[in-house]
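S.K.: Each chain, letter by letter, is given below.
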Amino acid sequence: MTSVERAAPIAFGLIGLGLWQGAVSSLHVPVYVLPGPTAIVAAFWIDHTSLLISLLSTLAVTAAALVAAALLGMILALAMAASRVARAAIQPWAVVLQVTPVVAIAPLIIIWVNQQFAALVVCATIVAFFPVLSNTAAGLAATPPELADLFRLNGANRRQTLFLLRLPAALPYFLAGLRIAGTLALVGAVVAEFVASSGGFAAGLAGRILEAGYRLEIPRMFAALTLLALAGITIYAALGSFERAVLRRFGAAS
Amino acid sequence: MLRLTGAGRRFVNGTIAFADIDMRIDAGEFVVLLGPSGCGKSTLLRLLAGLDVPDTGTIVWNDGTPPAPGDIGFVFQDATLLPWASAEQNVHLPLRLAGKSFSETRNEVRATIAQLGLAGFEDAKPASLSGGMKMRVSIARALVSRPRLLLMDEPFAALDEFTRHRLQDDLHALWREARTTVVFVTHSIYETAYLASRILVMTPRPGRIAAEIPCPLPDPADRRTDPAYASLTAQVTETLRAVMPA
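Residue numbers (full-length UniProt numbering), protein chains in the order written: chain L, 1 to 254; chain X, 1 to 246.
If you are wondering where the hints come from, they were derived from the structure by calculation, not from laboratory data. Predicted model, so just to flag it, every value in this text is computed and none were measured. Don't take every hint at face value.
With the C-beta cut set under 8 Å, the calculated list includes, among others, these residues of chain L facing chain X [unchecked claim]: (1) LEU147; (2) THR234; (3) TYR236; (4) GLY240; (5) PHE250.
To give a feel for the contact side, a few chain X residues facing chain L, derived at Cβ under 10 Å [as the list claims (entries may be wrong)]: (6) PHE76; (7) LEU97; (8) ALA114; (9) SER145.
Simulated crosslink set (SDA-like; lysine to any residue; CA at most 20 Å straight-line) [as the list claims (entries may be wrong)]: (10) X:LYS100 / L:GLU243; (11) X:LYS125 / L:ARG152; (12) X:LYS100 / L:ALA245; (13) X:LYS100 / X:ASP78; (14) X:LYS100 / X:ALA68; (15) X:LYS100 / L:VAL31; (16) X:LYS125 / L:ARG158; (17) X:LYS100 / L:ALA231; (18) X:LYS125 / L:PHE250; (19) X:LYS100 / L:GLN21; (20) X:LYS125 / X:ARG96; (21) X:LYS125 / X:SER86; (22) X:LYS125 / X:ARG146; (23) X:LYS100 / X:LEU82; (24) X:LYS100 / L:PRO144; (25) X:LYS125 / L:LEU147; (26) X:LYS125 / X:ASP78; (27) X:LYS100 / L:LEU171; (28) X:LYS125 / L:ASN157; (29) X:LYS100 / X:ALA85; (30) X:LYS100 / L:ARG159; (31) X:LYS125 / X:PHE102; (32) X:LYS125 / L:ARG244; (33) X:LYS125 / L:VAL103; (34) X:LYS100 / L:ARG158; (35) X:LYS100 / L:LEU210; (36) X:LYS100 / X:ALA127; (37) X:LYS100 / L:VAL246; (38) X:LYS125 / L:ARG159; (39) X:LYS125 / L:GLU146; (40) X:LYS125 / L:GLU243.
We put the CB at the ideal spot given by N, CA and C, even for glycine.
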């Protein structure tokens, strides 16, 4: 990538922001309909402590859910790879969890799980674990048949085949699933926060967004949304570099 | 060393891979199975390896004991190395699966690596090796456990001709030195004539052994340019013409 190509998205974004600001100012659009970028930055500056604390709360839920999703997805995938009965038993329920909108089951989970943080993590995990599960399961099933033959020929036991062949072969699939799960965990965390906010628990960014909406503080709402978008991009990029680093160290990539 | 009697194999979809195959492999031979694609050569090789079982017929090992892990080395058409492991770790794999750590087998692994001309590439990952080098690692991996029988399934088919010639030279030299029993599958007449101590010609599905050609080729410095090599390739070509369906 040349330096021009690297600068292109930033320049494009700045031009867009400039046009936005220009349109809002010249057309005298009221801030409670569409604030300009400067109004959003000003709103963030006034309220940055509260917004950043909320962001931290949302990120804590996201991180916990991502770890839980990675463990749950991996364990279920291993169980499915180990036994056909386990595969038959797990698969339909995993799909049921995947297709049920979390917004519909979040109220139940918030009632069942007494601790608010844990309830949010459970909701976000339900949204995030599926790509880890399906990717890891696909990776464990995609062991090159000739290598499996080679292991058989040399009398490898199940443990050796799992740790020396199937798990390392599934690693790239797992990491790709993890990258998708990262952004889904954020989405799941925010959706669950929306539901929880209506019950009075509003520590996360969703709480700030709802609050700003009720008070018609649209610039503050935009500031919270911007933080959310930046968090999503950062999570995606960070997991991407994590994936490349791990593959460089342990994987096929040279 | 082993004898196959009346061996037949039919796939689930009903296709007959091969039928009624009798063959004998003696210790120290370099047997080449020559045939067109789809004559069941690879299936036959998997049968000898114990990776597949025949529907009919029997396979009998002369000393009465079926091969134990490590007794059979297998080289696939692709190098099929573990991409995350170094050349050395890949060669060590069969010993590792037999429960032997790298430190106690270091000498065997290093010697086999040197034998295949891979000294200096011990730590290289497969992705950084050429096709020919990867195949050398694959052959070293098959030989490291000192197998009684080495099975090779078109190992050089995907290589360019220069690399192929060098690997054929080295394989032939290794075989002359160690006299490991080899069964080698190929569809190349030239490769067959160059490597074999005995040729078995197979016909397409249902595969059967249509001809057997002994190869009394001398061991001159350069077999490739020897007149005996030219006349052997001519003989193999004529045999193929005679037995192949039009």
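S.K.: Look at each hint and say if it fits the structure.
M.R.: Going down the list of hints, with the structure as the test:
Given the 8 Å rule on beta carbons, the hint for LEU147 of chain L holds: about 5 Å separates it from the nearest Cβ of chain X. Taking 8 Å as the C-beta cut-off, the interface hint given for THR234 of chain L is violated, the closest approach to chain X being about 28 Å. For TYR236 of chain L, the shortest C-beta to C-beta distance to chain X is roughly 25 Å, which exceeds 8 Å, and the interface hint is violated. The beta carbon of GLY240 of chain L comes no nearer than 20 Å to any beta carbon in chain X, farther than 8 Å, and the hint placing it at the interface is violated.
Residue-level restraint check for PHE250 of chain L holds (minimum Cβ-Cβ distance to chain X is 5 Å; threshold 8 Å). Interface restraint check for PHE76 of chain X: the shortest CB-CB distance to chain L comes to about 5 Å, inside 10 Å, so the restraint holds. With a least beta-carbon distance of about 4 Å to chain L, the hint placing LEU97 of chain X at the interface is held under the 10 Å criterion. For the restraint placing ALA114 of chain X at the interface with chain L, the shortest Cβ-Cβ distance is roughly 22 Å, beyond the 10 Å limit, so the hint is violated.
Nearest Cβ of chain L to the Cβ of SER145 of chain X: about 7 Å, under the 10 Å cut. The hint holds. A C-alpha spacing of about 32 Å is found between LYS100 of chain X and GLU243 of chain L, which places the hinted pair above 20 Å, so the restraint is violated. The hinted pair formed by LYS125 of chain X and ARG152 of chain L fails the criterion: a straight-line CA distance of about 23 Å is larger than 20 Å. A hinted pair counts as satisfied when its Cα atoms are at most 20 Å apart, and LYS100 of chain X with ALA245 of chain L does not qualify at roughly 31 Å.
For the hint linking LYS100 of chain X to ASP78 of chain X, the alpha-carbon distance of about 26 Å lies beyond 20 Å, and the restraint is violated. About 16 Å separates the Cα atoms of LYS100 of chain X and ALA68 of chain X, which keeps this hinted pair within 20 Å; it holds. For the hint linking LYS100 of chain X to VAL31 of chain L, the alpha-carbon distance of about 73 Å lies beyond 20 Å, and the restraint is violated. For a cut-off of 20 Å, the pair hint linking LYS125 of chain X to ARG158 of chain L is broken: about 25 Å separates their Cα positions.
Restraint check for LYS100 of chain X and ALA231 of chain L: the C-alpha separation of about 49 Å exceeds 20 Å, so the hint is violated. Between the alpha carbons of LYS125 of chain X and PHE250 of chain L the distance comes to roughly 10 Å, so the proposed pair stays at or under 20 Å and holds. Between LYS100 of chain X and GLN21 of chain L, the direct Cα distance comes to roughly 70 Å. Violation of the 20 Å bound is thereby established for this hinted pair. Using a Cα cut-off of 20 Å, the hinted pair LYS125 of chain X and ARG96 of chain X holds, with the two alpha carbons roughly 18 Å apart.
Between LYS125 of chain X and SER86 of chain X, the direct Cα distance comes to roughly 4 Å. Compliance with the 20 Å bound is thereby established for this hinted pair. A distance of roughly 24 Å separates the Cα atoms of LYS125 of chain X and ARG146 of chain X; the hinted pair therefore is violated under the 20 Å criterion. Annotation: proposed proximity of LYS100 of chain X to LEU82 of chain X holds, straight-line Cα distance about 18 Å (limit 20 Å). Distance restraint check for LYS100 of chain X and PRO144 of chain L: the Cα-Cα separation of roughly 24 Å exceeds the 20 Å cut-off, and the hinted pair is therefore not satisfied.
Distance hint between LYS125 of chain X and LEU147 of chain L is fulfilled; the C-alpha atoms sit about 17 Å from each other, no more than 20 Å. Proposed proximity of LYS125 of chain X and ASP78 of chain X is supported: the alpha carbons are some 16 Å apart, at most 20 Å. For a cut-off of 20 Å, the pair hint linking LYS100 of chain X to LEU171 of chain L is broken: about 25 Å separates their Cα positions. Only pairs whose Cα atoms come within 20 Å are accepted, and LYS125 of chain X paired with ASN157 of chain L is rejected, the gap being roughly 25 Å.
Under the criterion of a C-alpha separation no larger than 20 Å, the hint pairing LYS100 of chain X with ALA85 of chain X is consistent with the structure, at around 17 Å. Distance hint between LYS100 of chain X and ARG159 of chain L is fulfilled; the C-alpha atoms sit about 15 Å from each other, no more than 20 Å. Our distance criterion of 20 Å between C-alpha atoms is met by LYS125 of chain X and PHE102 of chain X, whose separation comes to about 17 Å. With a C-alpha separation of about 16 Å, the suggested pair LYS125 of chain X and ARG244 of chain L falls inside the 20 Å cut-off, and the hint holds.
Taking the CA atoms of LYS125 of chain X and VAL103 of chain L, the gap is about 47 Å. The hint is violated against a cut of 20 Å. For the hint pairing LYS100 of chain X with ARG158 of chain L, the CA-to-CA distance comes to about 17 Å; that is within 20 Å, so the pair holds. A C-alpha spacing of about 63 Å is found between LYS100 of chain X and LEU210 of chain L, which places the hinted pair above 20 Å, so the restraint is violated. Restraint check for LYS100 of chain X and ALA127 of chain X: not satisfied, since their Cα atoms lie roughly 26 Å apart, outside the 20 Å limit.
Simply put, LYS100 of chain X and VAL246 of chain L have alpha-carbon atoms about 28 Å apart, too far for the 20 Å limit, and the pair is violated. Between LYS125 of chain X and ARG159 of chain L, the direct Cα distance comes to roughly 24 Å. Violation of the 20 Å bound is thereby established for this hinted pair. At roughly 19 Å between alpha-carbon atoms, LYS125 of chain X and GLU146 of chain L fall within 20 Å of each other, so this suggested pair holds. Pair hint LYS125 of chain X plus GLU243 of chain L holds up; C-alpha atoms about 19 Å apart against a cutoff of 20 Å.
In summary, the structure is inconsistent with hints 2, 3, 4, 8, 10, 11, 12, 13, 15, 16, 17, 19, 22, 24, 27, 28, 33, 35, 36, 37 and 38 from the numbered list given earlier, while agreeing with the others.
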